[in-house]
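J.: Place chain W on chain P using the hints.
Number of protein chains: 2
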Amino acid sequence: MKTLQIYLADLKELLQANDFVSVRSCLREVSPIDLAEAWDRFTPEERTAIFRLSTRQKATQLFEELDPPEQAGLLGGLRKNDAEELLSDLDPSETGRMMRGLPAPMVRQLTAIMKKGGQEYVQQYLQYPGQTVGALMRGRYVTLDERWPARTAVERIQYSTRLRRIEETHLDTLMVVDADNRLLGQVGLKSLVVAPGDMLVRDLMDSRPPTLPPEADQEEAVKLFTRYKLKSAPVVDSGEKVLGVVVYKDIFEVAAEETEEDFAKMAGFSHPASRTIARSAFLRLPWLLITCLGGMLVSVVVGHFEGTLSKIIALASFSPMIAGMGGNVGAQTATIMVRGLATGDIPPGGETKAIIHEIAIGLLMGVCYGLVVGAIADSVYSERYGLWFGVVVGLSMCFSMTFATVMASLEPFVLRRFGVDPATATGPMITTTTDILSNALYFSLASRLLLR
Amino acid sequence: MKTLQIYLADLKELLQANDFVSVRSCLREVSPIDLAEAWDRFTPEERTAIFRLSTRQKATQLFEELDPPEQAGLLGGLRKNDAEELLSDLDPSETGRMMRGLPAPMVRQLTAIMKKGGQEYVQQYLQYPGQTVGALMRGRYVTLDERWPARTAVERIQYSTRLRRIEETHLDTLMVVDADNRLLGQVGLKSLVVAPGDMLVRDLMDSRPPTLPPEADQEEAVKLFTRYKLKSAPVVDSGEKVLGVVVYKDIFEVAAEETEEDFAKMAGFSHPASRTIARSAFLRLPWLLITCLGGMLVSVVVGHFEGTLSKIIALASFSPMIAGMGGNVGAQTATIMVRGLATGDIPPGGETKAIIHEIAIGLLMGVCYGLVVGAIADSVYSERYGLWFGVVVGLSMCFSMTFATVMASLEPFVLRRFGVDPATATGPMITTTTDILSNALYFSLASRLLLR
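Going line by line, the protein sequences match chains P and W. With the first letter of the first sequence counted as 1, position 295 gets the number 295 in this note's numbering; the numbers rise by one all the way through. With the first letter of the second sequence counted as 1, position 219 gets the number 219 in this note's numbering; the numbers rise by one all the way through.
Okay, chain P solo, but in the shape it has when bound (with noise of 0.2 Å):
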């Protein structure tokens, strides 16, 4: 960002003055990954200059960058040679994804520009629902063939890959290929350039990489990189057959728009990059309401025993703290819950240990707080109302704790079965169920205790 901000001014002052030559320079200095994100603060004329005077390996990389409708604005504005030459560097992945973007009479005259070959490539990328492996992977990827020496292999990948198109072939890993494109392994590009030149790709390959299935979830794509640390995996289908390669860069992002989306739900909302205050306050709206429809639940609780409460005013004081208590362990709860299916630490099959576990721990502390919070209320309002006193709260306290780790533990599998995503299970809604049912226990308990 800071190197993007001291060349701004210069750089609009360069435009303006026509001196591209000074432009060049400037350009050599910024990132095109700043450059997009600035886009907004140039005029269309200044975007095109800048997108023309760029080398063309960044201007790919900043075409990448830009969102779809910029990417179309951009195209429209590129003399159609220009158009052209892009639309061949990009990878069909990359096109696709501007492509879903776009609207039908744009994507018909960007498909009239594209070479045919290209156009199939997009038509199959197109193919695979967003969110999926398929729609992650990338198509421009060099295959080898077991029985060469490593030093035909190096050969055959300067041979299949231009130079100005090496920054969007996937080359760190090679894929090994038989006669009928089924992967029969994969080798770095480091191992080959490395080893003595009439060693054979067999010998140097890993035959079992791990591979993806096109229809799988991007998730599941960023759990296989993280576990497994890797640079790139081929995808492919159930025949074994190569249909593309994703790579690591494009997991950096999808990875980072999840881990947003999870603290998005967890906190209890569903877009975390929104513009508008107004709409802010619109996308939020939704899981306030359940806390506000669940707080009228509570008041009708209390409401229902404003008798006892009249005869008892101390109840008041506690029930903020029983409620906050078990809202609290709830959300501890299931923030682990929900980290551990996400990342794999609750393993397929370990799902019973982790729920008892996690109650176990709720069961705990709820019975530590129970008691030290029942003998706190009974030292100060047993001359007033009784031994029982304390022993309602403090019952009350270890319930609502209690209960509200049975539900947080739970609620995950249960969502998850019928499709929710858990992520979603946490916070509000928990909090909410708490306040009511720890409320009404609380309440009776005193009604039928006290009230003798």
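Which copy is meant is left open, so a pair is good if it fits within one copy or across any two.
Calculated cross-link-like contacts (lysine to aspartate or glutamate; reagent style EDC-like; alpha-carbon spacing at most 16 Å):
1. Lys229 - Asp172
2. Lys229 - Glu168
3. Lys223 - Glu253
4. Lys58 - Glu29
5. Lys231 - Asp172
6. Lys311 - Glu383
7. Lys223 - Glu257
8. Lys249 - Asp172
9. Lys231 - Glu253
10. Lys223 - Asp34
11. Lys58 - Glu85
12. Lys229 - Glu257
13. Lys229 - Glu65
14. Lys229 - Asp34
15. Lys231 - Asp206
16. Lys241 - Asp145
17. Lys58 - Asp206
18. Lys229 - Glu37
None of these hints come from the bench; they were simulated from the model. In this text, all values refer to a predicted model and were calculated from it rather than measured experimentally.
T.: Same frame as chain P, but now just chain W:
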């Protein structure tokens, strides 16, 4: 995981039968990462056998995946020759990481085994505190001269990397340095391989690669890698001299840990992965204690207004809702702020704008909910307590939500100024403060306006 689960029983059986040939081929199918995770299911003898029967590359990877005590246990079981070989294969940063976790006599014993050059590297590594970039960087990389043609550069890479250490030497991006080891630029292995043989390194290199200082926090490295989707970043001192390199593999690990940590802190406890029930409960207690003490303060506040409450018993019905809504809005705001700071979405200098934005949202929602809930309270209770009852409920609701947003949006910055991680600012703390203050305002408003 699945792969190892399939082979685990076989592997143990084959080891007991001393069928080393089959063990070897079995080990070829299993990832070192899966092996390391199931390490506690093997006996010490089995562990040594597995280690010795793995390929050299896999053995090193396996060793790197183990925790320091397990590493020490494994080293102790090896013959002196094998231990020496292993220590020379490891990157100095890995050896250093292990030594940080070992008792002093063991460290001395290991240092004695190491070769002199290795000892110096490790000493140098150990001077950087944990959690810094210096403690993360790797020491095995290759540097190039900018005047070399690509062909010479590739030869140099082949020469300075013996095949058996490829995995441990970083080769993806090569650092171009001058005679004093000062960084001039960086070039990707694939650019070098694909370029015409007589093209100069100078013309292939990226002359402004993002770099990291060794004293920076590891979190900074994660941010840089995620933002620019890097594969590696050179670590340079204040004089631009190259000290080492940070690679994406290690970043994956740090990033996963940090996300875990953030989630844990937001839920209000500090250690997500803990084993026994008692220990887990103990680790979570501190934050619950804050809630509990806060709850006691609330009960003191409510107790103070017992007179008011006994006359207008319906006040108790709305108190949980008012506090709950504030708490939940506060949690949403804090989540947005903490994530924004962590991901760089809130850039340095953009804090004030972000705070004002959040407070405006809080105020807007506070006014909306205040009007609605106030109207409901009025329609139900105006006959019994007069028109002011709805006003008190509505005003308190509005205050609670606005106040919670103000606090939640400011707190991360205040804490950051005092050097506290903002992720700890959320959840229980904000809920508790909001509970206390919104109840205080609610009951004092009620006393003033309803008991005149």
